[in-house]
Amino acid sequence: MPGSPRVPGSPRVKCVIRTDVPPPEPATLVDDFAPPLILPGAHKLCAGCGEPAAMRAVVEMIAEMGFTRRAVAVFGIGCYTAFSPGLDVEVMQALHGRAPSLATGLKRVHPDSIVFTMQGDGDMVNEGLQEVIHTAARGENVTCVMLNNGVFGETGGHMTATTVLGQRTKNSLEGREAKKHGFPIRMAEMLAPLDGVAYVARGATNNARNIFRTRKMLRSALAAQDEKRGFSFVEILTMCPTGWFIETGDAPAYLSDKMASFHKMGVIKNAAVAS
Amino acid sequence: MSGKVSRGTLVIDIDRCKGCELCIDACRPNVLSMTTDKRNALGYLYPVLEPGCVACHACALICPDFVFQVWRYTRPVAAANQGAET
Amino acid sequence: MSAELLEGSEAIARAMVSAGCRFFAGYPMTPFTEVLEGMAKLMPAAGGDCVNAESELEAIGMAWGAAAAGARTATGSVGQGLSLMQESIAELCFARVPMVVLNMARGQGDYYQATRGGGHGDYRTIVLAPVDLAEAVRLVQLAFYLADKFRNPVMFMGDYYLAHVFEAVDTATVDFGALPRKDWALDGSSSGSGNARIVSSIMPTKRNAPIYVEYGAYLETGGQKIAAIERQMEPMYEQAGCEDADCVIVAYGTPARIVRYVVGQLRREGLRVGFFRPVTLWPFPSAQLAAATRSARGIGVYELNAGQMIDDVRLAVRDRNASSIGGPSFDSSGFGIAPDLTPSKVAARIRAFLAETCQAAPACQAAPACRGAPA
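Protein chains in written order, with the working numbering: chain A, 1 to 275; chain B, 1 to 86; chain C, 1 to 375.
Bound-form chain A, shown alone:
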């Protein structure tokens, strides 16, 4: 089976622990399948999709910071929209690219709510680039979250403005070429210089270490909103083995090697107050 280093040529003898019953010795629960704010039920996303881990990180940080009873999610349109009826969080569904303006209107009416958008790269950088730039420039106290997998996943894996050079998609089958398809956009870097922007970071959910880093970024972004320091943005690189035409087991490395080498991870801006 590809991508499975733990199973060499001839099967070794495994000492398998029963995992269909609760632990036989006293233990404390660390993780209960999904966080309480994610409603039970299959989301029908692909095997190996990186978006559920990102969605989980977002709602777990909302809950950890005590923001649950103030939280409203504004969903864009993409694979992640599957979570819009699947969260125990108030949700406002926006059109493709339009979440930042809806978030603005809602936040203006309820300034003490915690408003965050869930958008993809196709949604935010293609359809909705104007929306997010102006929302950030004005310094609206909302948190925009962009799940960046470099493709329009829901339509089957097409090129977006963040698709990296060399990346194969259904409309760049030989790999994206600057001459034919133009250059990609780094969204986080485009927003950071704007005066109204308090916090910008880029994380990923391709391994546990990056998930922990991303959780910290989300905490910082939500804190910036709570402290009314301005606009906050967390870009989360997510795996899309389906859209990348690769095996699920190869996706974590693909993200590190191809995506994160162009869309670099890290905290890009952290202002005490919006300048």
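If you are wondering where the hints come from, they were derived from the structure by calculation, not from laboratory data. No experiment lies behind these values; they were computed from the predicted model shown. All the given hints hold, so there is nothing to weed out.
Within a straight-line C-alpha distance of at most 20 Å, the following computed PhoX-like cross-link-like pairs (lysine-lysine) qualify:
no.	chain 1	residue 1	chain 2	residue 2
1	A	Lys-14	B	Lys-4
2	A	Lys-216	A	Lys-264
3	A	Lys-14	B	Lys-38
4	A	Lys-269	A	Lys-216
5	C	Lys-149	C	Lys-225
6	A	Lys-228	A	Lys-269
Which stretches of chain A does chain C cover? Using the computed rule of at least three CB atoms under 8 Å from a CB of chain C, they are:
no.	segment
7	86–98
8	104–113
If we take Cβ atoms under 10 Å as the criterion, some of the chain A residues that face chain B in the derived model are:
no.	residue
9	Pro-26
10	Arg-56
11	Ile-211
12	Pro-241
Built from N, CA and C at the ideal position, the CB exists for glycine as well.
Given the coordinates of chain A, work out where chains B and C should sit on it, guided by the hints.
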């Protein structure tokens, strides 16, 4: 039978697993491996647990289908006491 | 409050504030701009917010968010700007979000846009068309009431004339009746309760709702909302002199003001001409128009466009004769007062129509003064 102790253990909802194997890659003590012949109700191979879990919950964090429930033992437990099978 | 001499845009803005509007977003465009200016001035003092959006798309987007948050909300533009808002207007109907949308139009070429909608899917918006500023300041308040009642966008059809005319009007709050509390609105408070609210045009229920509605199933309910509004709402209209009329002239909005005046003049001359003015362009007063024109020989539709409302007139009166007697009319700027809107020019059109209709009729029962009436 392994002489390893486990500091944590899992309950795995195998019928939700879609065989992506991200947990195998994420597991820090390398105690998760995929079945080779057994398949779940969806038709996928699924992960099984060997002794040595440290309850780091990396598997749960990365799993797209939320199949893991992670427990941390009050006191580390030897394999013989964990309902282990060869 | 009593009547005050106000310019149209200012009066409409004040009336919106009186109706409880607490969020407004817009993009400047003539002749809508002064309404945006008025709201920018009035909203902060009223405890609300007015945002100059970066385009019409974001204006309606911000209004959508504010409306979903439970505030009485409005936006607006002119025909071309409203063209940009069509997707959102359709989706607002599906998402069941109340909103007032103003069209301070250039001419009357946006009738199709308002009543048919340039958006996708099965939806209609209620459309209110005032004839003068006194009616406008009342109808814009009614628009908020209807929007909340039916959880649907309501369009308000104004124009350049209405935006800039000065009339003595009373913009005090009008009470149209009690409405249920907006227990569907979002503020975060139901998050984590197991019953978190959702405002969505796609999947309107949460997965753990007693009945979970998938997108496909929800799309199939589009016609039900339209039918419900038609059932629960009486179309609004005005009519005069139709009982004995040989010809009925149909007009809406500012031009109807001139048409009404001219018809009055012609009736005093002895001509048997009637006047019918739809106030709700949707739901269109079809049954009422059919009844009013039952014995009319001809129906002349006066509108400043190439013929749009005439479609609804023809649908209402079935196979009886309806003709277009208006036409597009613009000053050199393209958005000012139509040069055709003078009583003498309107009268000339109506007289010509009467003469033509009478000549076409083999046995005309019209009064002697009507036959061969001078143009």
